[in-house]
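**Q** Dock chain to chain to rebuild the complex, using the hints, since each chain is given by itself in its own frame.
The chain contents come next:
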Amino acid sequence: MATITETPAVRQAPERQRIGHASSLRVVRVLWYREVLAYSRDPARIISSMVMPVLMIVIFGEGFGRTINTFDEGINYRQFIFPGVIVMTVLFNSVFSGVSIIWDREFGFLREILVAPISRTSIGLGKLLGGASIAVSHGIVMFAFAPILGVHFSVLVIIELIAVLFLFSLVMTSVGIAIASRVKSVESFQMISQVTIMPSMFLSGIFFPVNNLPGWMEVLVKINPVTYAVAPIREIGLDKELIATAGQSVVGVELFGHTLSVLESLGIVAAFGVLMFTIAIQSFRKQA
Amino acid sequence: MESNGHTPAGQPAIEVIELSKRFGDFTAVDGISFEVPRGEIFGFLGPNGAGKTTTISMLCTLLKPTSGRATIGGYDVERQSSQVRREIGIVFQDTTLDDRLTARENLIFHGEVYGMSRGDIVTRAADVLERVGLTDRAGDRVLTFSGGMKRRLEIARGLMHSPTALFLDEPTVGLDPQSRRGLWSYAQSLRDTEGVTIFLTTHYMDEAEACDRIAVIDNGTIIALDTPSGLKGRLGGDVITVSAADNEKLGAEIKERFQIEPRAEADGLEFRVDRGDQFVPTLFARLETPIDTVQVRRPTLDDVFVELTGHQIRDTGAGEAEQARYMMMRRPMGMGAARRPGAGRRGPR
Chain A
1 MATITETPAV RQAPERQRIG HASSLRVVRV LWYREVLAYS RDPARIISSM
51 VMPVLMIVIF GEGFGRTINT FDEGINYRQF IFPGVIVMTV LFNSVFSGVS
101 IIWDREFGFL REILVAPISR TSIGLGKLLG GASIAVSHGI VMFAFAPILG
151 VHFSVLVIIE LIAVLFLFSL VMTSVGIAIA SRVKSVESFQ MISQVTIMPS
201 MFLSGIFFPV NNLPGWMEVL VKINPVTYAV APIREIGLDK ELIATAGQSV
251 VGVELFGHTL SVLESLGIVA AFGVLMFTIA IQSFRKQA
Chain B
289 MESNGHTPAG QPAIEVIELS KRFGDFTAVD GISFEVPRGE IFGFLGPNGA
339 GKTTTISMLC TLLKPTSGRA TIGGYDVERQ SSQVRREIGI VFQDTTLDDR
389 LTARENLIFH GEVYGMSRGD IVTRAADVLE RVGLTDRAGD RVLTFSGGMK
439 RRLEIARGLM HSPTALFLDE PTVGLDPQSR RGLWSYAQSL RDTEGVTIFL
489 TTHYMDEAEA CDRIAVIDNG TIIALDTPSG LKGRLGGDVI TVSAADNEKL
539 GAEIKERFQI EPRAEADGLE FRVDRGDQFV PTLFARLETP IDTVQVRRPT
589 LDDVFVELTG HQIRDTGAGE AEQARYMMMR RPMGMGAARR PGAGRRGPR
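Chains as they are written, first to last, in the numbering used here: chain A, 1 to 288; chain B, 289 to 637.
Extracted from the complex, chain B is given alone in its bound form (with noise of 0.2 Å):
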């Protein structure tokens, strides 16, 4: 495919310079910098309110930041945000379709509101389309679409005008597992093919694993930027859990023989050591309480993400910067209002 040329080779797609945002007392987003080169498909992680919206908001040109700057392709979010908008693709946490037009018709929508020639708007459709896997269900409304399919088209959207970001809002939520694994290739094959760069927010481990590089977030700023392999690296050794009829009896067992204090877990005991194929018959060797369950593996980043902020990622529910969220898109929070003839209301998450 042809590549986007926008920017000249070097120039990073996104850079972020101790960018923060307040709501009034509350910091959202609290003085993060990083950098994204071209063709990198970059994971924003962390728990609902750690900001990763309001980041995602600041960058694509929708919330102003309090302090800092970011460029999208050297363009400067606050002052040149019409540039940035061309530069930018951008899929909501929401659907944002018109569900009362045709997928075709959607796309057609886009390429003419971003200013593409009517040639291009009908060769981009189709090649959009197309690496969606939407090419048979072009001219149908998407008001019959799934989720899935919705989602697709609005990462198919976002593609239209050859963006040099692509920023995925929470991408998989919402979407049943095998959607969730399409959208992954699709994601990776869409850098491999067009070079454009990924920009996503996630709290699933298992969705960050796929990047690049991953930003680990919370409470506002980034407390790990690295591949998921070098993160995962750094926690070293394996996991080990175990369990046994009486776990507090087991717990003080170990730490007593081994110097080691277990975390309790749902499933038992968790503890690292570094060669836990050595560890193990050690540990049977002994301990006196009778063990249950053994289970050795290596680490997540969900063992990560614990180191480093202590606590599980889906501990935390929808906090401030979530209400911050929904007062800045100011989408209207009642429920059962009078619906829009002829058109399916969005189910509740």
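Chain A extracted, bound-state conformation (with noise of 0.2 Å):
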């Protein structure tokens, strides 16, 4: 057996032949491009992500639209849904992003990742961005809806609604990360998610506007983050006409008999984001 008699000393800065330090960005850069890369390869997720907001937009619109007469003047209710069903599947599609690390880590692939001389920060940025842009993505394809319900969309309002829309998935897909790296099996990962997505899309004024509901349902609603991303996304999203013909209260939400502007209210989904987005980190790399 080899014997030691000395703790030879901890060495310092190594000379490299080959490998460096990858910088952080470039991990992170890798690690988003895996994402995409890899999900661009399952079609079947990407068509059945999509059938929920379809439906949503098909039976939702056309049903409730016949019977709930609300917005007669200026804004119907297929067209009061639409902004919304685009959150929606960002919504949906951000926080079941997180289920890759569970995927990962069932397939094995995270533990090649969590041996390389890479920070778990970049590792859990790399995730966020990917699952991010994957989820803006589907809400992108969702704009084909607009011209069928006659909402227009010009270039700069395009544009608007994806800044938007990737603000409010990183939010999300930090939700979903957090989720991740806190339970094991892609069964719990799917139940919590839902009880997750489940209320915060339904009381977030995707469905009826916020402003005139029972006490109890305003409260809820209006401390759920995900109704300060609808409430911009529909400002943003339908004509300027239509909203002044609705009356601006169809649209913006009141918070202590103000109404908030586009801003404010991302302003409130930016600060929540930074808590979840910490949250989601810290998970990340607390997990084994």
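It is possible that some hints are incorrect.
Quick look at which bits of chain A chain B covers, simulated, 3 or more residues with Cβ under 8 Å [stated by the list, open to error]:
| no. | region |
| --- | --- |
| 1 | 25-34 |
| 2 | 116-129 |
| 3 | 267-281 |
These are calculated hints, taken from the structure and not from any lab test.
Positions of the beta carbon are idealized from the N, C-alpha and C atoms, including for glycine.
**A** Written out as structure tokens, the structure reads:
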């Protein structure tokens, strides 16, 4: 057996022949690329994640649209829920993108990443950006419904929508990563995600205006961060004249007697995002 | 091939000093020490639960040692984990490939996160694919690969960044005999061409034979460390296996006539003598019990293991250490979970 008598000195900066220290930016980029590449090879997932929003627009839009005449002046019901369904699409796909962490764990690939000489923070960031990109791309696909529903998106509106959706998606992907880092199985992830997504979807003003609700419900709606993403998307996405005819209160969120502007709403989303991002990265770093 | 000149010559590739790991009350690894010089194929042989995977996990910076220390290429696994990670390539027991990506894409990903330059990634990927005989499958998705091909690809990936040491944890488990043999010739040619140090764990005796040196580990301690022939040399002589219609009677007679205590094995009674060729005629001449079969052979590592530990290597099932490994890896245990769309699930082993 080897005989060791002295502790060898800890060595300092090595000369590298072929490998250097991958910059965090590069690591984030390659992790992002891998998420997107792997996803693009999964047509089943791409198609199945489009089913729900399409059903919502067609069934809710047509079914409820016939009976709900609240906004006959200006906006019809289908137009009203359309921006909300875009947000919903991004919401679902963002949170569910966290499942890739569990699959990576289950299929072993996560260990290949975790033993690499890279920081867990960059890994988490790569996952976050990858998941958000995929989720936003789903939202963008929904834009195709605009002409059918009589909503006009200018190039500027599209750019603004994408920017807001991306911000929102980063927030909700953080939620997904935080959940995925703490649960072990795909089943529990799906369960916890559903429980998170469903109330935040229904209590966010996607399907109804948020300002004339019963008191208890209004409280729930207004503590729900998703509410503050739906309002700006709707305000940006719908024609100004339509909104003007229907009344600002159909679109904006009133908080303490003040109707929030787009930027104010987004500020709330961003603040919640910083919180969720911190939790997500912390949870991801802590997992084995 | 170019040498991987990360570490100064003379510095051992792996150095382990009084390394221990405890999980609660259970001691998985109990103060082991050894040194692996550069370019050696070093085998860690022991039954499941002996502490092999726990040791490899500590060397690969995945588990914190409870006490003791270890260095890879001179870097401390605890204090310089980032440097250590660059010095090592790892092939885990379970596949860790992204099967939605192609073989080449898996290698490129690896090169990127290990900070290799773009040019190096391309040439090195072609190089290592060639080495493991996967050049013509480079553009195919891993999904379509057999178990043996996946393992070879993982070895290629482990070599991408020219590590000082390549760790293989039970590399041939789950492979068919042909793939197992192929893997061994790859391992040996890699050592010869790349000069890489190979550290592997196994519970197969025949695999351990191919190592330069073997550490026999049982219950978390190293009970022997030598070359395969050195270990076998410790036993000396030949192993004789005899069987009769009544083995019990035969055993009693052997004990009485030759003062040898034979051990009951599946195919008869086994014992060791110095010169098998000379002993067999004497055996026949002096025994009254009719003998059905007799077999004379050189001792194998199996015999060494039995001699050292008093039990067969395959006796021990998955024990506490195995459970500890699962806890540590935090792998979901539930099978039949929702499938990842478009991906085949690994079969249970």
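**Q** Do three or more residues from the region 116-129 of chain A put their C-beta atoms closer than 8 Å to C-beta atoms of chain B?
**A** Since three or more residues must qualify, the claim that chain B covers the region 116-129 of chain A holds, with 3 doing so at under 8 Å.
**Q** Quick check: do three or more residues in the region 25-34 of chain A have a beta carbon closer than 8 Å to a beta carbon of chain B?
**A** Result for this restraint: holds, n = 5.
**Q** Can you take a look at whether the region 267-281 of chain A is actually covered by chain B? Rule is 3+ residues, C-beta closer than 8 Å.
**A** Coverage by chain B is violated for the region 267-281 of chain A (0 residues, Cβ < 8 Å).
Consistency with the previously given hints fails for number 3 only.
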